[in-house]
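Chain B: place on chain A using the hints.
Residue numbers (the numbering used here), protein chains in the order written: chain A, 19 to 457; chain B, 41 to 170.
Source of the hints: derived by calculation from the structure; they are not laboratory data.
Note that CB positions come from ideal geometry on N, CA and C, so glycine has one too.
Quick list of simulated restraints, FRET-style, between CB atoms: (1) A398/A / P160/B: 57 to 65 Å; (2) P160/B / A283/A: 19 to 27 Å; (3) A200/A / D58/B: 28 to 36 Å.
List time: in silico SDA-like cross-link candidates among lysine to any residue, alpha-carbon distance up to 20 Å: (4) K136/B / R150/B; (5) K59/B / Q228/A; (6) K59/B / P224/A; (7) K59/B / A225/A; (8) K99/B / R302/A; (9) K60/B / A24/A; (10) K60/B / L157/A; (11) K114/B / Y244/A; (12) K59/B / L157/A; (13) K59/B / A283/A; (14) K64/A / G144/B; (15) K114/B / Y125/A; (16) K59/B / Q161/A; (17) K60/B / W285/A; (18) K60/B / G231/A; (19) K136/B / G70/A; (20) K59/B / S155/A; (21) K136/B / P71/A; (22) K114/B / N27/A; (23) K136/B / V71/B; (24) K136/B / R73/A; (25) K60/B / N27/A; (26) K59/B / S31/A; (27) K59/B / F268/A; (28) K60/B / N286/A; (29) K60/B / Q228/A; (30) K114/B / G70/A; (31) K59/B / N291/A; (32) K60/B / R287/A.
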Amino acid sequence: MSNDLAWINAAISAARPQAVGALLRYFRDLDTAEEAFQDACLRALKNWPQNGPPRDPAAWLIMVGRNAALDGVRKRSRLTDLPPEETLSDLDDAEERVVDRIDASDYRDDVLRLLFICCHPDLPATQQIALALRIVSGLSVKQIARAFLVSEAAMEQRITRAKARVAAGDAQFETPGAVERAERLAAVAAMLYLVFNEGYSAGDNPARAQLCGEAIRLTRLLLRLYQTEPEIMGLLALMLLQHARTPARFDDQGQIVLLEDQDRALWNRQMINEGLALIDKAMRHRRPGAYQIQAAVAALHARAATPADTDWAQIDRLYAGLERLTPSPVITLNRAVAVSKVSGPEAALAMIAPLADKLSGYFHFHGLTGALNLELGRHAEARVAFDRAIALANTAAEAGHIRQHLDRLMAEHAPLGDESRPPEISPEPGVGSPTRRSS
Amino acid sequence: MLYALLCYNDEDVVWAWDKKQDGEVMARLGVVRDRLEKSGKMGPSLRLLPTTAATTFRKTDPPLVIDGPFAETKEQLLGIYIIDVADLDEALQVAKDLGDANPGGAYEIRPLAVYNAGSPQAVTGGVVAA
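Excised from the complex, chain A in its bound form (with noise of 0.2 Å):
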């Protein structure tokens, strides 16, 4: 029945984490462990639709992969020979006895050891990702080569390598104390916005937009490990307010929307709902991080039913709060974008103007100095700026974005706009760095 094949691929998917952490754990090393889920998989295809599904199949693939990599060991040393089949598949007994041992909190520290060797400090962030969605989502090579835009050869050397790199570093496989715990949460965190933010700025391409999708699901996983960590609700919270204005976000020829020209009816309410309650759960531990403040904005957005409604006042006083928590040339960007509603495009020039030379090479810099200009009628500045920002867009949609300021200067001859329709600021508040690119 197809129904049972899409339950169990489902159900596979959602325990790989937990199954490769734990069998990792007792393996120490990454290529026995995803081998051994591999087996373990092959055999639940077998065994599941004729015994139906375990109770738990985290547990089962655990249980069934440490086996058959066993199994390997003996074979390989000539010891024994392999168990018969069928010792295999009654596993009712055995199965209770694996469940009662993973205890909850080492199911908790092997998740989030597997997410964090894929933060290794020496790898790029695009090899992070890369490993992130190859070892811990299961992803095929093809898929991740597809999302990268490159060769799938090309995407498998560069994941061989970056595994290559883990297994010479010392993963710990001790239990971590409560500040390197806390320190792998961080490092994980930091790496499931990256792949969320690749999927966000993936523009038009679906393969690469499925990682918002991901990332989201991950993140999920981590804070129902982790239920009471405002930074990891804040997370959740920041991707799901984000991922919601999707549908809105590019028009039928795949240009770019902004935020304060998109169709509010077309984002996902559900999504909304969920980050709303996220955010208001984290406040209300009283610790606030870089994530929670960036959700927090994303629900000012989420929570005004037309742009007029925005509460440009509070946002410019969130961008100043997540300035002093982590000082940034980009948060100021967006912070300016917020002063310029509050205070005017004047005021917000002034605050942007000190950040040139640090962002002259970003294309958000210059597609804010641009339309700031150009809401004070200065056309020939605006220009300049449009210029430099088509110059540096990552993708065709915010060179299209550009394109048009450009060709709405050039249609309009008055030097006095006064006729010009309303300008339209630029980037998207809410992403806090920009995309780090390399290899």
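Frame of chain A; chain B shown alone:
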């Protein structure tokens, strides 16, 4: 007799469905629901957001607010149907029909003691209607 069907399943699985898969399951469930609605047996039904969005209020003195669901279980309460059927056999038949449309997990079939329909305005608060 009124029964609640409490839907339990692994939310890691259910919330990982892609849009297509989710749509297919909901469409199959919709067929069963429509049929029961037409025969006057299906009352309100609702789907809950993941337990990660849940908060638990412990009625201690002072009260305690805890992140997450009340019960930590392998399968989580994901939704509720209210049905009006003659007896347990018929309730089990409804559970079977819904289960055929959406395999995996379990339904707890629980007779109702009191049913308050509530304010009609309260059920439109930005929640997606299925």
